Amino acid sequence: DGGITQSPKYLFRKEGQNVTLSCEQNLNHDAMYWYRQDPGQGLRLIYYSQIVNDFQKGDIAEGYSVSREKKESFPLTVTSAQKNPTAFYLCASSIFPGFAQETQYFGPGTRLLVL
Amino acid sequence: DQQVKQNSPSLSVQEGRISILNCDYTNSMFDYFLWYKKYPAEGPTFLISISSIKDKNEDGRFTVFLNKSAKHLSLHIVPSQPGDSAVYFCAASGRNSGGSNYKLTFGKGTLLTVNP
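From first to last, the protein sequence lines stand for chains A and B.
Residues 452 to 566 (the numbering used here) are what the first sequence spells out, left to right.
Residues 28 to 143 (the numbering used here) are what the second sequence spells out, left to right.
For the record, the hints were derived by calculation from the structure and aren't laboratory data.
None of the values given here were measured: they were computed from a predicted structure.
C-beta atoms are modelled at their ideal positions from N, C-alpha and C, and glycine is treated no differently.
A few of these clues could be false.
[Claimed, not checked] Which residues of chain B face chain A? A partial, calculated answer using Cβ under 8 Å:
hint, residue
1, Tyr-66
2, Ser-76
3, Ala-97
4, Gly-134
[Stated by the list, open to error] Label pairs and their in silico Cβ distance ranges:
hint, chain 1, residue 1, chain 2, residue 2, range
5, A, Arg-495, B, Tyr-66, 44 to 54 Å
6, A, Phe-547, B, Gly-87, 35 to 45 Å
7, A, Ala-512, B, Pro-36, 24 to 34 Å
8, B, Pro-143, A, Lys-521, 27 to 37 Å
9, B, Gln-30, A, Thr-456, 29 to 39 Å
[Claimed, not checked] Here are the simulated EDC-like pairs of lysine to aspartate or glutamate, each with C-alpha atoms no more than 16 Å apart in a straight line:
hint, chain 1, residue 1, chain 2, residue 2
10, A, Lys-534, A, Glu-475
11, B, Lys-95, B, Asp-82
12, A, Lys-460, B, Glu-69
13, A, Lys-522, A, Glu-475
14, B, Lys-135, A, Asp-489
15, A, Lys-534, A, Asp-481
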């Protein structure tokens with residue numbers, strides 16, 4: 452079964468702690484994305500990557516970091532600099548970056564809570 | 028500045044009737060539009076899309092209409108079913124201000140409730 456997996460489903464962060472959210476896809480997609488969703492809000496882009504070893508900041512990158520060492524993996528680290536990390540985090544991928552027909556496929560999400 | 032707007036946070040319709048979800052955009056560089064459906068605690072799933080060169084796209088019970096001059100699109104669901112109850116996000120794709128990269132810009136979503 453092809454798809455996108457995110458782990459863990461729930462994650463708890465203590466003050467001053469960095470946490471890493473996992474995203475893996477076996478769809479052979481080139482592009483991967485991280486979004487954040489807050490209650491009553493749309494999805495806001497944190498980071499995206501169009502190719503291995505390359506990534507760009509989205510609209511709300513401050514306090515986050517990513518890496519793209521493998522095509523199928525795009526982990527997101529929420530650093531202690533992110534002062535309001537409580538949110539639902541969604542990872543997505545798409546076949547062809549840079550084309551208008553950019554249907555993105557989403558993982559099931561990770562809910563991050565601050566202790 | 029919100030470039031994709033869904034002004035109705037919620038919509039309630041009776042089973043069997045038509046559901047109409049609306050979306051407005053401000054960026055004239057957007058050239059592809061998508062609708063996603065999202066259940067609670069799950070990732071969004073792609074529903075239907077439309078290119079800016081068309082004004083209508085139909086897929087089963089779902090039809091998306093695009094009015095470029097008004098910068099407005101709508102999603103029609105006919106007939107509505109209780110299983111359609113979910114949050115619907117409108118999204119637009121186009122070149123960003125920096126150059127050649129495409130990315131999706133999402134609206135805030137509309138919660139559709141279909142009552143049996």
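key: Hint status (Cβ of Tyr-66 (chain B) to nearest Cβ of chain A, threshold 8 Å)   = violated, 10 Å
Assessment of proposed distance window 44 to 54 Å (beta carbons of Arg-495 (chain A), Tyr-66 (chain B)) = Once the Cβ atoms are compared, 20 Å apart, the range 44 to 54 Å for Tyr-66 (chain B) and Arg-495 (chain A) is violated.
request  = For the pair supplied as a hint, Lys-135 (chain B) and Asp-489 (chain A), confirm whether the alpha-carbon distance does not exceed 16 Å.
outcome  = holds, 10 Å
message = Assuming the hint says 24 to 34 Å, is it satisfied by the Cβ distance from Ala-512 (chain A) to Pro-36 (chain B) or not?
response = holds, 27 Å
key: Distance restraint evaluation - Pro-143 (chain B), Lys-521 (chain A), Cβ atoms, bounds 27 to 37 Å   = Roughly 47 Å apart at Cβ, these two residues miss the hinted range, so it is violated.
ask   = Has the given pair, Lys-534 (chain A) with Glu-475 (chain A), been kept, meaning a C-alpha gap of at most 16 Å?
value = violated, 26 Å
query = Hint check: is the beta carbon of Ser-76 (chain B) less than 8 Å from a beta carbon of chain A?
reply = holds, 7 Å
key: Gln-30 (chain B) paired with Thr-456 (chain A), Cβ distance criterion 29 to 39 Å   = Given a distance of about 31 Å, which is inside 29 to 39 Å, the answer is holds.
query = For the pair supplied as a hint, Lys-534 (chain A) and Asp-481 (chain A), is the alpha-carbon distance within the 16 Å limit?
reply = Status violated; Cα separation ~31 Å.
request  = Go through the hint on Ala-97 (chain B) and say holds or violated, using the shortest Cβ distance to chain A against 8 Å.
outcome  = violated, 20 Å
request  = Mind checking the alpha carbons of Lys-522 (chain A) and Glu-475 (chain A) for me, to see if they're no more than 16 Å apart?
outcome  = holds, 9 Å
16 Å limit on alpha-carbon distance, applied to hinted pair Lys-95 (chain B) and Asp-82 (chain B) = Holds, at roughly 8 Å.
Hint check: violations occur at hints 1, 3, 5, 6, 8, 10 and 15; the rest are consistent with the structure.
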